[in-house]
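Protein chains: 2
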Amino acid sequence: MSLPAPLEHLIEQLRKLPGIGAKGAQRLAFHVLKTPREDAERLADAIREVKDRVTYCSVCTNITDIDPCAYCADERRDRRIICVVEEPQNVSVVERSGGFRGMYHVLMGALSPLHGIGPDDLKIRALLTRLVDGGVEEIILATNPTVDGEATAIYLARLLKPLGLRVTRIATGIPVGSDLEYADELTMGKAMEGRREVG
Amino acid sequence: MSLPAPLEHLIEQLRKLPGIGAKGAQRLAFHVLKTPREDAERLADAIREVKDRVTYCSVCTNITDIDPCAYCADERRDRRIICVVEEPQNVSVVERSGGFRGMYHVLMGALSPLHGIGPDDLKIRALLTRLVDGGVEEIILATNPTVDGEATAIYLARLLKPLGLRVTRIATGIPVGSDLEYADELTMGKAMEGRREVG
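In order, the protein sequences belong to chains A and B.
Taking the working numbering, the leading residue of the first sequence gets 14, the next gets one more, and so forth.
Taking the working numbering, the leading residue of the second sequence gets 14, the next gets one more, and so forth.
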């Protein structure tokens, strides 16, 4: 004897979500069961709405509900600089940092020979298309400081430098507010390597 | 500038779920965005189905899609013993332990003066109704070994003992497969208190 079939089914669906294990899926399913009907329906509707209304910008591949996206459509942004990131969610991280007022380009992943992801699987061709008209002076490579992200940055740097662009890479180092004690040796090494003169 | 409105809305709905923080909600929302439409719809439908089809057993308050529930309807189960638990999800934990073939009763919570939950807020009256016909010989109090769960067990023991029933409480102690080193002092104390003669 087990749980009612609809509940088992919901647990099964929830388990497919990232970071949700067997226990977590069960806790969430029981929460849905207990929650007022309106709240559960709002959640179900919100899931559908995302699939119905969110799409990808035809220029930068960022997620958007209007095409081109708000960043690409904003005339006040600096079209001379393009910040290249791996995933749509990385755009808001850069944007929240506050200092950047240029354009974005989302690769939709990183090069990963191990997972069979090559240059043609990423939005690299679309990036090159954006450079055809000229006007772009700098490409900031803001892929993750991981093996795949670094490989992607190196690949793009080699591809873009010959076009006469300034190609830069975001800094790796100790996070603000963190303690050296908790830094792994690779990060610490990068922080030393990237040291700057002060005063 | 921020995320597309439908995505923001989904993140907001996901944040209401237990154990899902700001980062978790964002990760889940982006997963929904990336996942095939059929998977997202299956999840949305599963949420609705639970609200539409799962209800509470009119006898034991366990969750069920048929009333009375499969446990209460099963003629082979031992009607002389009722195991009392706090929440519907506790039923399957007891059931999975394998040894119990009696009936269940779900209180739908525990006494908690701090949160204003008194005896009338729990399914205690429904439990007493089940005892009217006679035939029940033992009540196992399987509320949680927490302050509220213990208080509920003590309250129920005082209420039920005068009815001439055997009233028992599940054992508290060191979990199987665990190490004494990781036991908190309260659990260790309970384990010592509940020691049994061996050999």
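It cannot be assumed that every hint is accurate.
Remember, identical chains collapse to one label, so a pair may be satisfied in a single copy or spanning two.
To be verified - In silico DSBU-like pairs for lysine-lysine, Cα to Cα no more than 30 angstroms straight-line:
| id | residue 1 | residue 2 |
| --- | --- | --- |
| 1 | LYS136 | LYS203 |
| 2 | LYS174 | LYS64 |
| 3 | LYS64 | LYS47 |
| 4 | LYS64 | LYS136 |
Honestly, the hints are just simulated from the structure, not real lab data.
None of the values given here were measured: they were computed from a predicted structure.
Is it within, between, both or neither when you check LYS64 against LYS47 at 30 angstroms Cα-Cα? Classified as both: same-chain Cα gap 26 angstroms, cross-chain 9 angstroms, threshold 30 angstroms.
Go through the copies and call it for LYS64 and LYS136: within, between, both or neither, with a Cα cutoff of 30 angstroms. For LYS64 and LYS136, only the intra-copy Cα distance (21 angstroms) is at most 30 angstroms; the inter-copy one is 41 angstroms.
Is it within a copy, between copies, both, or neither that the alpha carbon of LYS136 lies no farther than 30 angstroms from that of LYS203? The answer is within: 28 angstroms in one copy meets 30 angstroms, while 61 angstroms across copies does not.
How do LYS174 and LYS64 come out at 30 angstroms by Cα distance, when the copy is not named: within, between, both, or neither? neither (38 angstroms within a copy, 57 angstroms between copies)
In this structure, only the earlier hint numbered 2 is contradicted, and the remaining ones agree with it.
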